[in-house]
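*Asks:* Chain by chain, the residues run as shown.
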Amino acid sequence: MGRKLLLDKAHIEGIRYYKTYRENGGYAAAEKVFKTMKPDEVTEEVKKSGLRGRGGAGFPTGLKWSFLAKPEGVPRYLVCNADESEPGTFKDRYLMEFLPHLLIEGLLISSYALGANTTYIYIRGEYAWIPDILEEAIRDAKAAGWLGKNIQGSGFDLEIYVQRGAGAYICGEETALLESLEGKRGTPRIKPPFPAVKGLYQCPTVVNNVETLATVVPIINIGGEEYAKYGTGKSTGTKLISACGNINKPGVYEIEMNISVEEFIYSEEYCGGIPNGKRLKACIPGGSSVPIVPANLLLTTAKGEKRMMTYESLSDGGFQTGTMMGSGGFIVLDEDQCVVRHTLTLARFYHHESCGQCSPCREGTGWMEKVLKNIENGKGKMSDIDLLWDIQRRIEGNTICPLGDAAAWPVAAAIRHFRDEFEWHVNNPSEALTRNFGLAHYADPLPVPAPAAV
Amino acid sequence: MAQFSEEKLQKVNEIIARYPQGKQKSALIPVLHLAQEQFDGWLSAETMDYVASLLQLTSIEVYEVATFYSMFNLKPVGKYIFEVCHTGPCMLNGSDNIVDYIKNKLGISVGETTPDGMFTLKTVECLGACGYAPMMQLGKFYREHLTPAKVDAIIDECRKAQGN
Amino acid sequence: MSEEKKLFKVKIDNITVEVEPGTTILNAARQIGGEVVPPAMCYYSKLQGSGGKCRTCLVKVSKGSDADPRPMPKLVASCRTTVMDGMEVANITSPEVLDARKGVVEFLLLNHPLDCPICDQAGECDLQNLSYEHGADATRYEFKRRTFDKIDIGDKIQLHMTRCILCYRCVFTADQLTNKREHGILGRGDVSEISTYIHKNLDNDFIGNVIDVCPVGALTDKTFRFKNRVWFLKPVDAHCKCDKCSGKVALWMRGNEVFRVTARKDKYGEVEEFICDTCRFDRKDVKDWVIEGPRNIDRHSVISQGHYVGVQQPKETFKAVMDGRDPKLLMDIHAVSEVNRPDVDLSKIEGPAHSNDFDKKQ
Ligand SMILES: Cc1cc2nc3c(=O)[nH]c(=O)nc-3n(C[C@H](O)[C@H](O)[C@H](O)COP(=O)(O)O)c2cc1C
Ligand code: SF4
Ligand code: FES
Ligand code: FES
Numbered sequence: 001m002g003r004k005l006l007l008d009k010a011h012i013e014g015i016r017y018y019k020t021y022r023e024n025g026g027y028a029a030a031e032k033v034f035k036t037m038k039p040d041e042v043t044e045e046v047k048k049s050g051l052r053g054r055g056g057a058g059f060p061t062g063l064k065w066s067f068l069a070k071p072e073g074v075p076r077y078l079v080c081n082a083d084e085s086e087p088g089t090f091k092d093r094y095l096m097e098f099l100p101h102l103l104i105e106g107l108l109i110s111s112y113a114l115g116a117n118t119t120y121i122y123i124r125g126e127y128a129w130i131p132d133i134l135e136e137a138i139r140d141a142k143a144a145g146w147l148g149k150n151i152q153g154s155g156f157d158l159e160i161y162v163q164r165g166a167g168a169y170i171c172g173e174e175t176a177l178l179e180s181l182e183g184k185r186g187t188p189r190i191k192p193p194f195p196a197v198k199g200l201y202q203c204p205t206v207v208n209n210v211e212t213l214a215t216v217v218p219i220i221n222i223g224g225e226e227y228a229k230y231g232t233g234k235s236t237g238t239k240l241i242s243a244c245g246n247i248n249k250p251g252v253y254e255i256e257m258n259i260s261v262e263e264f265i266y267s268e269e270y271c272g273g274i275p276n277g278k279r280l281k282a283c284i285p286g287g288s289s290v291p292i293v294p295a296n297l298l299l300t301t302a303k304g305e306k307r308m309m310t311y312e313s314l315s316d317g318g319f320q321t322g323t324m325m326g327s328g329g330f331i332v333l334d335e336d337q338c339v340v341r342h343t344l345t346l347a348r349f350y351h352h353e354s355c356g357q358c359s360p361c362r363e364g365t366g367w368m369e370k371v372l373k374n375i376e377n378g379k380g381k382m383s384d385i386d387l388l389w390d391i392q393r394r395i396e397g398n399t400i401c402p403l404g405d406a407a408a409w410p411v412a413a414a415i416r417h418f419r420d421e422f423e424w425h426v427n428n429p430s431e432a433l434t435r436n437f438g439l440a441h442y443a444d445p446l447p448v449p450a451p452a453a454v
Numbered sequence: 455m456a457q458f459s460e461e462k463l464q465k466v467n468e469i470i471a472r473y474p475q476g477k478q479k480s481a482l483i484p485v486l487h488l489a490q491e492q493f494d495g496w497l498s499a500e501t502m503d504y505v506a507s508l509l510q511l512t513s514i515e516v517y518e519v520a521t522f523y524s525m526f527n528l529k530p531v532g533k534y535i536f537e538v539c540h541t542g543p544c545m546l547n548g549s550d551n552i553v554d555y556i557k558n559k560l561g562i563s564v565g566e567t568t569p570d571g572m573f574t575l576k577t578v579e580c581l582g583a584c585g586y587a588p589m590m591q592l593g594k595f596y597r598e599h600l601t602p603a604k605v606d607a608i609i610d611e612c613r614k615a616q617g618n
Numbered sequence: 619m620s621e622e623k624k625l626f627k628v629k630i631d632n633i634t635v636e637v638e639p640g641t642t643i644l645n646a647a648r649q650i651g652g653e654v655v656p657p658a659m660c661y662y663s664k665l666q667g668s669g670g671k672c673r674t675c676l677v678k679v680s681k682g683s684d685a686d687p688r689p690m691p692k693l694v695a696s697c698r699t700t701v702m703d704g705m706e707v708a709n710i711t712s713p714e715v716l717d718a719r720k721g722v723v724e725f726l727l728l729n730h731p732l733d734c735p736i737c738d739q740a741g742e743c744d745l746q747n748l749s750y751e752h753g754a755d756a757t758r759y760e761f762k763r764r765t766f767d768k769i770d771i772g773d774k775i776q777l778h779m780t781r782c783i784l785c786y787r788c789v790f791t792a793d794q795l796t797n798k799r800e801h802g803i804l805g806r807g808d809v810s811e812i813s814t815y816i817h818k819n820l821d822n823d824f825i826g827n828v829i830d831v832c833p834v835g836a837l838t839d840k841t842f843r844f845k846n847r848v849w850f851l852k853p854v855d856a857h858c859k860c861d862k863c864s865g866k867v868a869l870w871m872r873g874n875e876v877f878r879v880t881a882r883k884d885k886y887g888e889v890e891e892f893i894c895d896t897c898r899f900d901r902k903d904v905k906d907w908v909i910e911g912p913r914n915i916d917r918h919s920v921i922s923q924g925h926y927v928g929v930q931q932p933k934e935t936f937k938a939v940m941d942g943r944d945p946k947l948l949m950d951i952h953a954v955s956e957v958n959r960p961d962v963d964l965s966k967i968e969g970p971a972h973s974n975d976f977d978k979k980q
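Chains as they are written, first to last, in this note's numbering: chain A, 1 to 454; chain B, 455 to 618; chain C, 619 to 980.
Because the hints were derived from the structure by calculation, they are not lab data.
Be aware that one or more of the hints could be misleading.
With a straight-line cut-off of 25 angstroms between C-alpha atoms, the simulated DMTMM-like cross-links for lysine to aspartate or glutamate are [stated by the list, open to error]:
hint	chain 1	residue 1	chain 2	residue 2
1	B	462	A	132
2	A	184	B	503
3	B	477	A	182
4	C	623	C	717
5	B	529	C	767
6	A	19	A	135
These numbers come from a predicted model, not from an experiment.
Pulled out of the complex, with its shape left as it was, chain A reads as follows:
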């Protein structure tokens, strides 16, 4: 069994409630902080832990906290990003539903470290029942003296509020989230200024993902140095992976970042392999925005090494042959699946979710969807494949926020690795309506890499 830090107590009956959580070691980290640590020391521990943001970008959390501007007399805010809308990702939901107090405790410690007296949890509107769970946890924590005024006699005040969104993936982007929290349309801001300087209500703000903030709890409990001993290299600690698609046991898993992708997919402890004895065709290991890779490149890197579930190993080979850890939304496609069709649904998603501020994303995402739809429906031309490539190329990097990139990458990767399948659709339009291209050569062993040139 892999070691766990977040979900180790998830199986305990009633852990959702304050009493059980507390009896099982809950709020011990908060206690430790208020008794023995200054805010900067908390930040220091988080730095030592090597924790990287779990929302997708993987930015070192301690470093992010140290960037927070601290002008006199201006309030600071911590905002917890619970917008979780990246297709394939449903880990934060699990944490909030089953371990709400872990998040509240993490928010408490993090707010203390940052000197924030008001903290908002911005949760996607569709998770309509979760605010009730969180608000109950907040009430109970407050009743037990963990929130409110002068917490545990430390002189530190904190209120936590839950804010519901209303259906917009873009509100996961941190500045769009802040706009939405201010009661506006969720359009990303033009940066700079960054939230660390001018965030919510133009005050310094840190935005962190749910999992990131929850992880602060075990970091304080075991110490940053100890936390950093988990995992591999710069991928310290454990990570929640939400696994879905064609696997036997979809769900949320906590992995220590030292196992291989193969183990994750096929072992009984995690996904339990692919149903009905089918073979693996492709995988998007980090949420819909990261590049899709064929089976052969998923399991081994182009260098011929075993691919591991770490930030570094997943991105080994760059966009040419690698992919990304992203948000940990692990989507598996078996041999019966059509990559063109899957890519089409993702293109449709980004088209639907583009905020519409900047022209490349607003116009380009819809265009890609339409071209893909033609190809999928047997109306495509060979030139459409190049056209798609060109459209994604001209969106990527030219937009206000990374949604443009996120829309471009899946299309780029699908064409890069599965061009045969696209061409087959074009050349066999009627057949493509009745059957799929199948596994083809996508699981074939990679050619042995040539010895490194000297």
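Given chain A's structure and the hints, the job is docking chains B and C with the ligands onto it.
*Replies:* Just chains B and C with the ligands now, kept in the frame of chain A:
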């Protein structure tokens, strides 16, 4: 004239109190949710104007926001809205079949409401339940691992709740 | 200036300029002037918060500053990026920038109706000018364009949303010039639109300025009499004593008749001073005005490129053009109009920005 109940007005004030002085605009999205709940599941221009007056905003500020977010309905909808996810991971697990099944069963296409005003069918993008696919949102909650039999049961359940 | 201020040195396309800290790359380039100025479709120096959206002004920062010489990883919007001391920027000297800009123009035109022949704004349309200089030959878009119905917002202003490029300028204008904004951006993504949601008339002393800030023909002046091709009209500077605004305007005349009144625009298409609606809509008699003299258009527009200036007898060929119009990204003036000088080949204009994209004979 649209008007919140006392209880809801109380709630509105509670929500406004979460934000710093003068930032009551932050309450807009939560209050629109309340309004949609109270006024038949959708937001009419009149409702939005009412919300604007409650929060001391101009009407256009409310329209701009209400039209941006996909959860706000700007037209009347059925009593029960089946919001079936059809993004990649759900598609891999057969969400298209579920959509087709509901279409046939209810005799409506996506975006339509049954003549009796009971059901509206919508397709939506990923709801964060990809591991429990295919799925749909029904009111406040998710219905997961859908099969045709489950869909039948859900439809019956809704009809029963309405007493027919 | 008495006080010594430290100026920042910036190099744009290898031309050095010294500017005050806080200046954007775009404004630094405007200080140099000419070809190195990136086109700006959404930025408007008089409107706070504008810019950053259309992405036509993207440039490459090849050196961040003297202190931190690393290049910026992506192209940046020059209208919203401030200069650093020692920064080096490439605009027209960067093939990457030109390619990205071509992409942006294609995106902007994707859903644009290309109805220049019947558009009021033709001849003074920023999008037309932009596509002329940076666009490709033909669209690769084979789908139905998004369309909206024309609506009147009030009896003075017409909104033709189909032409809108969502620059947000009119929204900023209403926010910053009037006390209560009544129109805004509705919807999301590529179905966003400028609208009042429920039918409302825009009515305010300064709302007419939305017409002047609109870079395309989406917001037009309904009082513009006998809607004429603007290039048949002669703009003159004029003023009047107005108690609401400066009264400094441009009159668009033919003979002794005032066809329309606008604010005076500078060479970047920005108004010099906003004017009130009375001047704009209600003073159409030449006796209302003191005429100062002809207005020089030195804008980089199809009007000023010598094709329309000084033409006396226009022949209307546009109707013919409208039928059987193929989906060209921009009207090739040579192909559709007889009022210009076909002997002037646009591709001969100096500077790399005028690539051979326009040379149809190739
Ligand atoms: C289009 C887009 C959507 C995003 N969605 C989410 C999201 O749903 N949840 C999240 O935590 N971060 C999301 N992010 C990342 C956030 O912008 C931000 O980087 C993150 O919340 C920072 O937290 P972290 O450092 O703890 O990861 C998104 C980013 C983009 C560009
Ligand atoms: S990239 Fe897309 S989502 Fe991001 S600001 Fe531009 S239009 Fe909006
Ligand atoms: S794809 Fe359907 S819930 Fe995520
Ligand atoms: S002018 Fe700079 S992005 Fe539009």
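*Asks:* Confirm or reject each hint.
*Replies:* Taking the hints in turn, this is what the structure says about them:
1. B:462 to A:132: Judged against 25 angstroms, a Cα distance of about 17 angstroms means the pair holds.
2. A:184 to B:503: With a Cα-Cα distance of about 16 angstroms, the restraint between residue 184 of chain A and residue 503 of chain B holds, given a limit of 25 angstroms.
3. B:477 to A:182: Cα-Cα ~7 angstroms, so holds.
4. C:623 to C:717: 38 angstroms, violated
5. B:529 to C:767: With a Cα-Cα distance of about 20 angstroms, the restraint between residue 529 of chain B and residue 767 of chain C holds, given a limit of 25 angstroms.
6. A:19 to A:135: Measuring from Cα to Cα gives roughly 15 angstroms; hence the hint holds.
Of the numbered hints stated above, the single one contradicted by the structure is hint 4.
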